[in-house]
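Going line by line, the protein sequences match chains S and V.
Just so you know, we're using UniProt numbering here: the first sequence kicks off at 1 and counts up by one.
Just so you know, we're using UniProt numbering here: the second sequence kicks off at 1 and counts up by one.
Think of the hints as simulated: they come from the structure by calculation, not from any bench.
Computed from a predicted model, the values in this text were never measured in an experiment.
Please note that a few of the clues may not be correct.
[What the hints assert, rightly or not] Computed Cβ-Cβ distance ranges for the label pairs, DEER-style:
id, chain 1, residue 1, chain 2, residue 2, range
1, V, 497, S, 14, 24 to 32 Å
2, V, 426, S, 42, 36 to 44 Å
3, V, 377, S, 11, 53 to 61 Å
4, V, 287, S, 35, 52 to 60 Å
5, S, 11, V, 136, 42 to 50 Å
6, V, 209, S, 62, 30 to 38 Å
7, V, 385, S, 59, 52 to 60 Å
8, S, 11, V, 380, 39 to 47 Å
9, V, 377, S, 14, 32 to 40 Å
10, S, 78, V, 87, 31 to 39 Å
Built from N, CA and C at the ideal position, the CB exists for glycine as well.
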Amino acid sequence: MSDNPAASEGELTARRIRADVEQVLGEPAGALGEHDDLLDRGMDSIRLMSLVESWRKAGVETDFITLAEEPSVAAWTRLLLDD
Amino acid sequence: MSAPEEFDVIVVGGGPAGSTAATLIADQGHRVVLLEKQRFPRYQIGESLLPATVHGVCRLLGVDEEIRRAGFTAKRGGSFRWGTSPDPWNFLFALSPELSGPTSYAYQVDRMTFDDILLRNAARHGVDVREESSALEAVTTGERVTGVVYTDPAGERRELAAAHVADASGSTGRLHAAAGGTRQYSEFFQNLAVFGYFAGGGRLPEPDAGNILCAAFDEGWLWYIPLRDDLTSVGAVLNRDQAGRIQADREGTLRESIRRCGIVRDLLGDAERVTEGTYGSVRVRRDYSYAGTRFWAPGITLIGDAACFIDPVFSTGVHLATYSGLLAARSINSVLAEELSEDRAFGEFEGRYRREYAVFYEFLAAFYDMRQREESYFWKARKVTNMQSGDMEAFATLVAGAASAESALVGADTRTAAERFTSASADLSHAVQRTGAARTPSGERMTELFRAPVVSGVMSEMNRIQRRGVSGPATAEPPLLDGGLVPSADGRRWAEPAAEGA
Ligand SMILES: Cc1cc2nc3c(=O)[nH]c(=O)nc-3n(C[C@H](O)[C@H](O)[C@H](O)COP(=O)(O)OP(=O)(O)OC[C@H]3O[C@@H](n4cnc5c(N)ncnc54)[C@H](O)[C@@H]3O)c2cc1C
Numbered sequence: 001m002s003d004n005p006a007a008s009e010g011e012l013t014a015r016r017i018r019a020d021v022e023q024v025l026g027e028p029a030g031a032l033g034e035h036d037d038l039l040d041r042g043m044d045s046i047r048l049m050s051l052v053e054s055w056r057k058a059g060v061e062t063d064f065i066t067l068a069e070e071p072s073v074a075a076w077t078r079l080l081l082d083d
Numbered sequence: 001m002s003a004p005e006e007f008d009v010i011v012v013g014g015g016p017a018g019s020t021a022a023t024l025i026a027d028q029g030h031r032v033v034l035l036e037k038q039r040f041p042r043y044q045i046g047e048s049l050l051p052a053t054v055h056g057v058c059r060l061l062g063v064d065e066e067i068r069r070a071g072f073t074a075k076r077g078g079s080f081r082w083g084t085s086p087d088p089w090n091f092l093f094a095l096s097p098e099l100s101g102p103t104s105y106a107y108q109v110d111r112m113t114f115d116d117i118l119l120r121n122a123a124r125h126g127v128d129v130r131e132e133s134s135a136l137e138a139v140t141t142g143e144r145v146t147g148v149v150y151t152d153p154a155g156e157r158r159e160l161a162a163a164h165v166a167d168a169s170g171s172t173g174r175l176h177a178a179a180g181g182t183r184q185y186s187e188f189f190q191n192l193a194v195f196g197y198f199a200g201g202g203r204l205p206e207p208d209a210g211n212i213l214c215a216a217f218d219e220g221w222l223w224y225i226p227l228r229d230d231l232t233s234v235g236a237v238l239n240r241d242q243a244g245r246i247q248a249d250r251e252g253t254l255r256e257s258i259r260r261c262g263i264v265r266d267l268l269g270d271a272e273r274v275t276e277g278t279y280g281s282v283r284v285r286r287d288y289s290y291a292g293t294r295f296w297a298p299g300i301t302l303i304g305d306a307a308c309f310i311d312p313v314f315s316t317g318v319h320l321a322t323y324s325g326l327l328a329a330r331s332i333n334s335v336l337a338e339e340l341s342e343d344r345a346f347g348e349f350e351g352r353y354r355r356e357y358a359v360f361y362e363f364l365a366a367f368y369d370m371r372q373r374e375e376s377y378f379w380k381a382r383k384v385t386n387m388q389s390g391d392m393e394a395f396a397t398l399v400a401g402a403a404s405a406e407s408a409l410v411g412a413d414t415r416t417a418a419e420r421f422t423s424a425s426a427d428l429s430h431a432v433q434r435t436g437a438a439r440t441p442s443g444e445r446m447t448e449l450f451r452a453p454v455v456s457g458v459m460s461e462m463n464r465i466q467r468r469g470v471s472g473p474a475t476a477e478p479p480l481l482d483g484g485l486v487p488s489a490d491g492r493r494w495a496e497p498a499a500e501g502a
């Protein structure tokens with residue numbers, strides 16, 4: 001019954017960010033452009049909340065609103081991984 | 001009296017708190033009896049819900065489909081004529097129109113129907129529901145509550161025994177005393193309410209037609225809840241020194257309040273007050289802002305209004321009731337399964353419940369503090385800078401009762417509660433200003449509001465509950481309290497965080 005989205009574990013890398021996003025959106029690997037607006041690809045509040053929780057668990061400081069303001073794989077990689 | 005009937009758990013009260021706890025405990029195969037004084041459906045105030053109840057708890061209860069089919073008015077948030085701006089502004093549940101989601105709305109419910117659905121659902125889940133059965137007193141054995149005496153529909157006194165009693169008997173029940181604490185009443189939220197129902201009444205323009213409207217005027221504020229197309233719930237929240245005036249003339253006080261509040265007066269137009277049936281009377285509630293000093297003792301747990309309530313603004317009562325029902329069920333289930341000690345399980349219950357109460361308390365205090373025309377007594381008395389030291393202390397004790405994660409709220413090394421309230425309030429006022437009026441582009445984007453710490457504080461647990469409701473068992477939920485527990489995979493018990501995901 002669970003379509004629990006962000007089930008992946010381990011350290012956060014650019015590759016994992018992309019994979020997690022593709023997984024919650026049900027997109028095949030490699031289907032998303034770096035700069036695609038994820039809201040147009042079906043990202044909603046619940047999916048985003050799941051990602052935030054799972055990435056926080058991996059040890060990064062982030063929040064829902066920060067990610068919501070720039071919804072693309074490229075921006076999130078920068079926001080989550082750059083110091 | 002014959003030998004007591006035995007159960008695993010006795011729940012007293014069939015409102016949202018009691019039905020939630022009873023259902024989630026019966027789901028684990030335990031024998032649960034629920035005593036309800038009245039015969040349902042029965043009237044209750046508290047009609048405006050939040051998404052965490054609708055999409056989180058109701059999903060867990062397996063009743064979300066039935067709620068959806070009941071035809072309640074959907075609300076996408078609250079609209080407020082409140083603070084400095086003459087134009088109403090919105091507090092929407094979605095971050096933005098683009099980033100809404102399956103949980104970005106809630107309902108306005110007539111509580112007769114809503115509470116009845118929840119209670120019947122509890123019975124379907126195996127709860128032995130006994131209506132017209134009024135709990136009289138707790139039975140204690142040594143230091144422990146071990147049962148309840150009640151009168152059955154025929155007026156016979158009967159005794160029940162159980163490992164746990166959950167008191168969900170609302171603000172009027174008396175069982176809470178068995179937990180050994182007292183109720184501390186708030187000086188700050190010294191409000192009372194007088195309310196009735198109108199046939200028809202105008203609506204805010206779409207898409208806000210289903211929203212609750214809260215509108216301030218000099219002597220208080222009014223709620224305006226579109227219950228059905230042909231029914232509007234209208235209530236005035238006034239200072240408690242108005243009690244005499246209300247006692248002399250309830251209807252007149254309500255009408256005069258409406259006359260003093262332009263936006264509500266205009267919306268109501270010449271809609272007639274309902275004068276017959278359940279909705280036909282003008283009702284009054286007072287002394288409803290309190291918190292118990294103890295939320296549990298061996299054998300008894302207090303949930304919903306039996307434990308605490310803050311204030312009608314922002315529709316938090318049913319959320320706190322269903323949330324505490326969920327927390328209590330997790331703790332009771334964990335103890336019955338012999339997975340956790342009572343101290344550990346109910347420590348988590350009390351810590352989370354007090355945290356939720358405290359974040360809403362702070363939020364609502366900031367809400368009242370937002371700049372109004374301050375020459376009036378009502379609004380002057382609700383500046384947080386005028387908060388009585390009794391309230392500050394009560395708040396500090398309340399939060400200190402919670403686990404250490406929240407010690408930052410009151411710790412000696414941090415700002416005092418007074419400074420804390422003042423800055424929360426300034427943050428909120430500025431965030432509302434930056435958000436701007438309803439139906440402007442900035443007014444549709446809740447980014448500014450949600451970023452204010454006092455708002456993100458109240459949203460965090462509610463969001464988790466919604467997410468669990470929608471996504472099912474979640475793996476990534478970290479402990480909320482330092483050294484605390486996490487929900488088990490099925491959401492109905494607690495687990496040590498280390499055991500999760502291992
Ligand atoms: C003026 C006002 C406006 C409000 N507006 C809102 C709002 O818009 N939104 C919101 O969410 N909340 C609102 N609330 C709060 C809301 O009404 C309560 O928080 C909510 O009803 C609490 O639910 P509960 O299950 O704890 O108690 P209740 O709903 O009160 O249920 C308690 C039940 O216990 C039963 N009972 C009592 N004594 C006994 C006994 N001895 N034996 C057996 N049964 C007993 C009662 O009959 C009742 O059915 C408002 C409150 C007030 C005062």
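Hints and how they fare:
1. V:497 - S:14: 24 to 32 Å: This hint holds: roughly 28 Å between Cβ atoms.
2. V:426 - S:42: 36 to 44 Å: Because 38 Å falls inside the window, the suggested range holds.
3. V:377 - S:11: 53 to 61 Å: holds (59 Å)
4. V:287 - S:35: 52 to 60 Å: This hint holds: roughly 58 Å between Cβ atoms.
5. S:11 - V:136: 42 to 50 Å: With a Cβ separation near 59 Å, residue 11 of chain S and residue 136 of chain V fall outside 42 to 50 Å, so the hint is violated.
6. V:209 - S:62: 30 to 38 Å: 36 Å Cβ-Cβ, so the 30 to 38 Å window holds.
7. V:385 - S:59: 52 to 60 Å: violated (40 Å)
8. S:11 - V:380: 39 to 47 Å: violated (55 Å)
9. V:377 - S:14: 32 to 40 Å: Violated, at about 59 Å.
10. S:78 - V:87: 31 to 39 Å: holds (37 Å)
Hints 5, 7, 8, 9, counting from the list given before, are not met by this structure.
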